[in-house]
Amino acid sequence: MKADPKGVMTGAHFLDGDHACCEGALAAGCRFVAGYPITPSTEVVERIAARFPAVGGMFIQMEDEIASSIAIQGAVWAGAKAMTVTSGPGFSLMMEHIGLAAMLETPCVFVNVQRGGPSTGLPTLPGQADMMQARWGSHGDYEVIAFCPNSPQECFDLTIEAFNMAEIYRVPVMLMLDECVGHMTEKVVIPEADAIEIAERRFTGAKPGEYLPYETNGNWVPPMVKAGDGHYFHMTGLTHDERGYPVMNAEAQEKCVHRIVNKIRENADAIVRLREAEIEDADVVVVSYGITSRVALKAISMAQAEGIKVGHMRLVTAWPFPENRIRRLADQGKAFVMPELNYGQMYLELERVVQGRTRSLLVPHGGGTVHDPEVIYRKIKEAVQ
Amino acid sequence: MKADPKGVMTGAHFLDGDHACCEGALAAGCRFVAGYPITPSTEVVERIAARFPAVGGMFIQMEDEIASSIAIQGAVWAGAKAMTVTSGPGFSLMMEHIGLAAMLETPCVFVNVQRGGPSTGLPTLPGQADMMQARWGSHGDYEVIAFCPNSPQECFDLTIEAFNMAEIYRVPVMLMLDECVGHMTEKVVIPEADAIEIAERRFTGAKPGEYLPYETNGNWVPPMVKAGDGHYFHMTGLTHDERGYPVMNAEAQEKCVHRIVNKIRENADAIVRLREAEIEDADVVVVSYGITSRVALKAISMAQAEGIKVGHMRLVTAWPFPENRIRRLADQGKAFVMPELNYGQMYLELERVVQGRTRSLLVPHGGGTVHDPEVIYRKIKEAVQ
Amino acid sequence: MSATEIKFSGFGGQGVILAGIIFGRAASIYDNKFATLTQSFGPEARGSACSAQLIVSEDQVLYPYVTRPQILMAMSQEAFNKFLPETTDDATVIIEEELVKATGLKPGMKLYGIPATRIAEELGRKMILNIVMVGFFTAVTGLVGYESAREAVKDSVPQGTEVMNLKAFDRGYQYGKELK
Amino acid sequence: MSATEIKFSGFGGQGVILAGIIFGRAASIYDNKFATLTQSFGPEARGSACSAQLIVSEDQVLYPYVTRPQILMAMSQEAFNKFLPETTDDATVIIEEELVKATGLKPGMKLYGIPATRIAEELGRKMILNIVMVGFFTAVTGLVGYESAREAVKDSVPQGTEVMNLKAFDRGYQYGKELK
Amino acid sequence: MEPKNPVVDYLRMDRIPHIWCPGCGLGTVVNCFVRAIKTCDIPRDLISVVSGIGCTGRMAGYLKLDSFHTTHGRPIPFATGLKLANPKLKVIVCSGDGDLFSIGGNHFIHAARRNTDMTIICVNNFTYGMTGGQVTPTTPIEAIASTTPYGNTEEPFNLSHLAESAGAVYVARWTTFHVRQLIKSIKEAVQKSGFSFVEIISPCPTLYGRRNKLGDGLEMMRAFKEKSTVRNGADTREVGLDFKGGIVCGKFIDRERPTYLERYNERMTARLGASYKPYEGVL
Amino acid sequence: MEPKNPVVDYLRMDRIPHIWCPGCGLGTVVNCFVRAIKTCDIPRDLISVVSGIGCTGRMAGYLKLDSFHTTHGRPIPFATGLKLANPKLKVIVCSGDGDLFSIGGNHFIHAARRNTDMTIICVNNFTYGMTGGQVTPTTPIEAIASTTPYGNTEEPFNLSHLAESAGAVYVARWTTFHVRQLIKSIKEAVQKSGFSFVEIISPCPTLYGRRNKLGDGLEMMRAFKEKSTVRNGADTREVGLDFKGGIVCGKFIDRERPTYLERYNERMTARLGASYKPYEGVL
Amino acid sequence: MAESKKSKEPRGKVFINSELCKGCGFCIEFCPTNVLEFSNTFNSKGYHPPAAARPENCTGCDLCGIYCPDFAIFGILMKAVA
Amino acid sequence: MAESKKSKEPRGKVFINSELCKGCGFCIEFCPTNVLEFSNTFNSKGYHPPAAARPENCTGCDLCGIYCPDFAIFGILMKAVA
Ligand SMILES: Cc1ncc(C[n+]2csc(CCOP(=O)(O)OP(=O)(O)O)c2C)c(N)n1
Ligand SMILES: Cc1ncc(C[n+]2csc(CCOP(=O)(O)OP(=O)(O)O)c2C)c(N)n1
Ligand code: SF4
Ligand code: SF4
Ligand code: SF4
Ligand code: SF4
Ligand code: SF4
Ligand code: SF4
Ligand SMILES: [Mg+2]
Ligand SMILES: [Mg+2]
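Respectively, the protein sequence lines represent chains X, U, B, H, Z, W, C and E. Going letter by letter, the first sequence gives residues 1 to 385 in the working numbering. Going letter by letter, the second sequence gives residues 1001 to 1385 in the working numbering. Going letter by letter, the third sequence gives residues 2001 to 2180 in the working numbering. Going letter by letter, the fourth sequence gives residues 3001 to 3180 in the working numbering. Going letter by letter, the fifth sequence gives residues 4001 to 4283 in the working numbering. Going letter by letter, the sixth sequence gives residues 5001 to 5283 in the working numbering. Going letter by letter, the seventh sequence gives residues 6001 to 6082 in the working numbering. Going letter by letter, the eighth sequence gives residues 7001 to 7082 in the working numbering.
One should not assume that every hint holds.
To be verified - Restricting the straight-line Cα-Cα distance to at most 25 Å, the calculated cross-link-like pairs of lysine to any residue (SDA-like) are:
| hint | chain 1 | residue 1 | chain 2 | residue 2 |
| --- | --- | --- | --- | --- |
| 1 | H | K3180 | H | G3113 |
| 2 | U | K1006 | Z | Y4150 |
| 3 | X | K207 | Z | P4043 |
It is worth saying that the hints were derived from the structure and are not from the lab.
Looking at chain X on its own, in the form it has when it is part of the complex:
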């Protein structure tokens, strides 16, 4: 499906990442946003509040993040594409409902503009330390998809991707900005509406009375319905059977939860988005994401200037982790360097997957600013020694 032109502000704009994210949501067909203000994400919803009335969307500032994170799910089950927007402390409050979205298989988008943490931390400065939380922050087993834009342009592009992935896999998708990207203003080119590909919601073809909400027929992802169409369907956060009814035993659990987990794990290669450069004959690959990927590029060029063979892999999706790709590169003997604005989060995955076959080095940073490229450069040199 192509984007609805009503929401698409075609042209070249000078926008910050937060505003670009708003435009991405509009282009993606999002027409329901519930949010609660928090620095540095607030600009997303402020722009939405201004833009929505004219395009038939509904923005509501809820009483808190908990309410926001479930209001969007109500909206989805009424047929909307919906998202909520927050930052660290608010993200922590949304954890229960990320689990609910995973369990109900509600397609929806959670935007987290990461700031310095933990706790109130550094509200106006960047961090990348909510990456593990994005994957593991709710109780129980589930999987999510997480995108990491590194520019306002990508905030636009990946917001659309996030909505599309949410529909395709019926999964909560995390859009993990960081303060630096969210508050950075650059040129953003928004294409014509008919150049924007939108994943339509897959509604059931079943007649009222015949629809089983979690009947998969061997597919990973069951089709949806919406309230008001006469299906009299039921949704519960309890472990449920195909009918969506609670069933309290280990077999139902295995059937219900394993599919939720596996629909992402088994499709990981189709979901993963990477941007790679000069990987093929590289001795070292710098793996990074978000704002850090730009700083890493600077460090890479410093190293390349000295003749070191460095490639770059950027995690456009951080979750699922590109396990197969990294493993293949490790098998080729490439070393890895990974800078992050945290004390080692995605790096743990890198280390796990590399399995000690080659060297992998973390370049930690507590956040509050970005890395000094010099520091990354030095790790690159260390990696090739």
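On the provided structure of chain X, position chains U, B, H, Z, W, C and E with the ligands as indicated by the hints.
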């Protein structure tokens, strides 16, 4: 310091894990509990509500888990030893305040009696799928300690340990029961009060006006004060300096957060508690925790009966992960088998640490019951092939 | 085999769990055996069949659940019907004989019945039928000692009700002894 | 070096950020260069020195922050004092000359001053001093074209205020051209 | 042909018998609910039921309507999203006293303040049934609960007063004894435009009644009958409940205020002019 | 010797100048607060201040008392723990309208219901100052906020009415213009046993005033002066605020109810007998 | 006369699904014409369901149906059956 | 007479810390005896702090101090200074 006899119900009792946890808290000197009912943890607070008035403790059922998880921190800063008790959905709601406890360095205990997840899941059946959440569920970088009892007796013993660790490291400690252990009734032997070692709170010796809340003098853990003593101290969840005052820059962040992280990482070997059996000449080591460790033992004896050399390592503490110990065993060429009531959580750490040096096999299980020992036994055989 | 798997069952409100606890307490605290009790909890159980599972053993109990009970105590028909199929072929089945009609027993099984409700009513409190059952159970299984079970009853019932409960226990015990 | 680092500074309420945005927009949208703008946010900035940082480049901007501004625009004394030490030794410094006393310049630096507040007041709205500054800035730096900057002003100001703002821009621009 | 129980068409009969205890009032509430909506002027397809977690929270799972069993305390914000994304839906929240007023209290007062068009049916059994009978914000002082073994010492909310102060346009209270009035009241509430609230006092014999020596469900119903007086229009400040005291029932508040969406559309039209198309849902 | 500003002993002067904007009323509130507690009969060491997050939330950080800057919306439950662990402490919560009544509304009504002995000082500037001027549950209809660019369409809470209905024993409202009355009121509230609540209308010129063309801080203060009337004992149902309308100030509620701990100790003594030692803190 | 007419043609009829009954007694208590009584039989869950002891009194008011928490009983007007 | 006495011995004195001032004007507006006016000088933050234009009128009531959001001013009774 020895336990206060008032709270110690010396003798042999037939108690379930939840009740034993309550008795452990009492013996540990806990006199403030704020909680909110949730299956399968409620029995802990129900017993506390009955037991506290007579020993001078205060239990309050708060309006929700968010309130509970911060009320205990208020109590700690008034001088109490305090804990809260919950299960998956409530644990998800506590994430913001686990981060606050890490940031303020509030010694306190969070009990999570794990049930099947995600979302409402299987309220009355066991799971072990909140393990990664216990470590990573709040935003930003921080560290915690997590204990995993496998019997009512250990629920008693490890609750005391949890309180002690909380004091020693000024860190939120997670006590990760599972429904099976929480609701299982066995004999629990409670020693005499003077046989129970209690870590006393380390209060500052500084005079009013001289105390700096986060002045470490080279130690990992600064001493504490309590409200009402004339120190006029300040606490904030913002990144802070030694005075406890907000400072908004990357240097302050590095200083403030890195120590919070490193006080645990650098002391990991002192914190880690393992129970090991027949490891030395084992070819395979089964690593497990909580209820699964008992089932694993059954599988191990099945394998041993066939002459397979199997050792057992039980994670009494799951966090910090026993990185050094596992690495050493991997270096000795031992293979690993890890059953968990989840689709692979602590196993990711095992895999990361083993680094592919030897074989490591996950025995996943969605929860709702425990493993069939037969299934673990088969993996053990697979590991030695 | 050193471990005995037992299932106590009935419907909610009959004191099924307490029966299990008393027996477990008798075994572990007073007879110094290992005993592990687990229960079926949950909303699905409100007002329907409910059970407590006990493993009594000379060694530490590892696997916590009862999979094939060697002894089944059933205080309701629904519970009997539900749990009989789980038992071993030579199981001992102990029923409240006015509430349960025992059909479908395998040849190797042993059946013991007691009109516990009626006995409890005679003692003046219908609610203590579970204690009558415990007494009966103690007598017919011999799994724990008479004194141990009696102590465990004392520990487990509300203060002030010990006398009546011990009377109930003894009535059940005698009934069992006479049967044997 | 193809990248120019610029700092726009003043105190909250002067429209410092907007000045940076206009300039960035002119460069990136109308002059087709790469431009990356970042800002200092935060509670600590309420009512004190505030700044926007802009990098204009022929190539894609990677490192997002300005570390050593080659151009400093200062609309308050506090901002001038705070940010001058960060600039390069040959920086271009552009000030509101009635609000800032420029002391401590290094020999290689170029200083341009304009009484932007007064000019804005003459035009009837003190609030548009930032647009006057943008005009002036465009003229003295030549970093973006006149037309580009003008277009960017049009895009960036509230609807209905374009005429007045363009007047302010032109006044600043002329003032700069005459100085040069 | 055997006649059919008139409610079964509105129930998921494949899930009956339900989990509720003998003598629990919840099934009676379901009866009244179904009878009320059957006689409403709202097409069945457009009715959605949203519940939180609790014994009452299971209501959504038995009603053959679009129905959502959400998370504990959060049915109202879920309902808010459902309603605002498709205002044609009539959204009814059925949940317990603990769910709506302990963990969920904030959502209640905010939805009332906004006058979101929805109906809240609160089954007040004075306890957390589902988790085993703990104290709630409606448990009367002195009453025994599993977490107040020596008797509750916290003053309960006067829900009617709270609802009024927060902005509800319709506030009523009945007990499960008052089935006829309750049916009428649910119907009125559902048909009312804006935030309407019906509190239903209901017996939880298993966990509240037994512990407090109030007898079984039937005895509790008898007590409701004896102790209640109907005072429509009563001052909400005066209808607080205490342990074993009288129960004032009736319709206390029935007033008019623009709903959230009415105000929203009015203002947007005023500000954005004729080009603004009044919001009627995202679809 | 130069005389000293009488408040500086109670301030962390190493953190002054504070972050608040020119013309912000928060500094005035601090002045009144310090003057009130200086004349209270409570030893300084026993006073604790707890704030949430927001511009107002920064108050705790400037006061030289035991002071806690907690999380957004949660100062009241933190204060509850502090108070109950050591009832000798006098615990005062200072926080903003958004903190206390948007995200934190539930904690407010529950603490009021319990009548926990604490004082809540809410600085109501009709907006989220710290995050840039978004709408709050106290923003009047029509007012412009960054998330309501076309004007707010949600009815605000009447905080006094809400506080009364939830159970507060002391409820007053003043503006930052009414400094003398405010000092007296804070003092009364702090000395009152039970849950006391003082709402202070305060200018946020930067984000609320400017956007709504209400002028700078001084102009807003003038408006407070002109538009306010003092009506002690006013019916709280009638003191709701609207955009640019009149502001009723005064002490609205001052009543007696046993505090949480009084009730607790009374009941435990009754139930557990003479062996029960009335709870006075865990230490 | 009215009496005898009533006994000949009861106005209503009550239907009972004994298996669903949990024996709460609501229907018996609140039947306005005292139609119902507990039966002596147990259902398979062990409860005594009600029985229409005085069916001739039934008015078909369905109060029993409204009260029954287990959807185990309901009454209808005779004409509805016909 | 009273007039002249007042001008000779003002009852109060006002102290101003110009560097802390943010120029809000509260003190000037709400001084009951109209003692204060904005000065022409800027402080280093760029604000015009107040000055005591009519110090003789000062009663030392400290209203300026209570109102000042920046702790930049306060008044005291003369006897307190002495
Ligand atoms: C976040 C969270 N906290 C706690 C629970 C546990 N819980 C489930 S139902 C319930 C109480 C329900 O009480 P109420 O709403 O009064 O319903 P009732 O069972 O009495 O009908 C609680 C505390 C939960 N499921 N989720
Ligand atoms: C969980 C969480 N959500 C949101 C925020 C962002 N936040 C910080 S302050 C604030 C609003 C403060 O408003 P108010 O309480 O009225 O205080 P004011 O700044 O107006 O004094 C918000 C939404 C946060 N820090 N934490
Ligand atoms: S526990 Fe109480 S509320 Fe829940 S089903 Fe049983 S009687 Fe009803
Ligand atoms: S933003 Fe508003 S509330 Fe915050 S300091 Fe500035 S004026 Fe005060
Ligand atoms: S009301 Fe229903 S459940 Fe109760 S006794 Fe009558 S038929 Fe049985
Ligand atoms: S229909 Fe009416 S009269 Fe007939 S049995 Fe039922 S309640 Fe009684
Ligand atoms: S009140 Fe204070 S900040 Fe305001 S003008 Fe006077 S001295 Fe300056
Ligand atoms: S102390 Fe009183 S009279 Fe003197 S300047 Fe201040 S406000 Fe005016
Ligand atoms: Mg309830
Ligand atoms: Mg505010």
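Taking the hints in turn, this is what the structure says about them:
1. H:K3180 <-> H:G3113: Within the cut-off at roughly 11 Å; holds.
2. U:K1006 <-> Z:Y4150: 20 Å, holds
3. X:K207 <-> Z:P4043: 18 Å, holds
Violation of the numbered hints given earlier is absent; every hint is satisfied by the structure.
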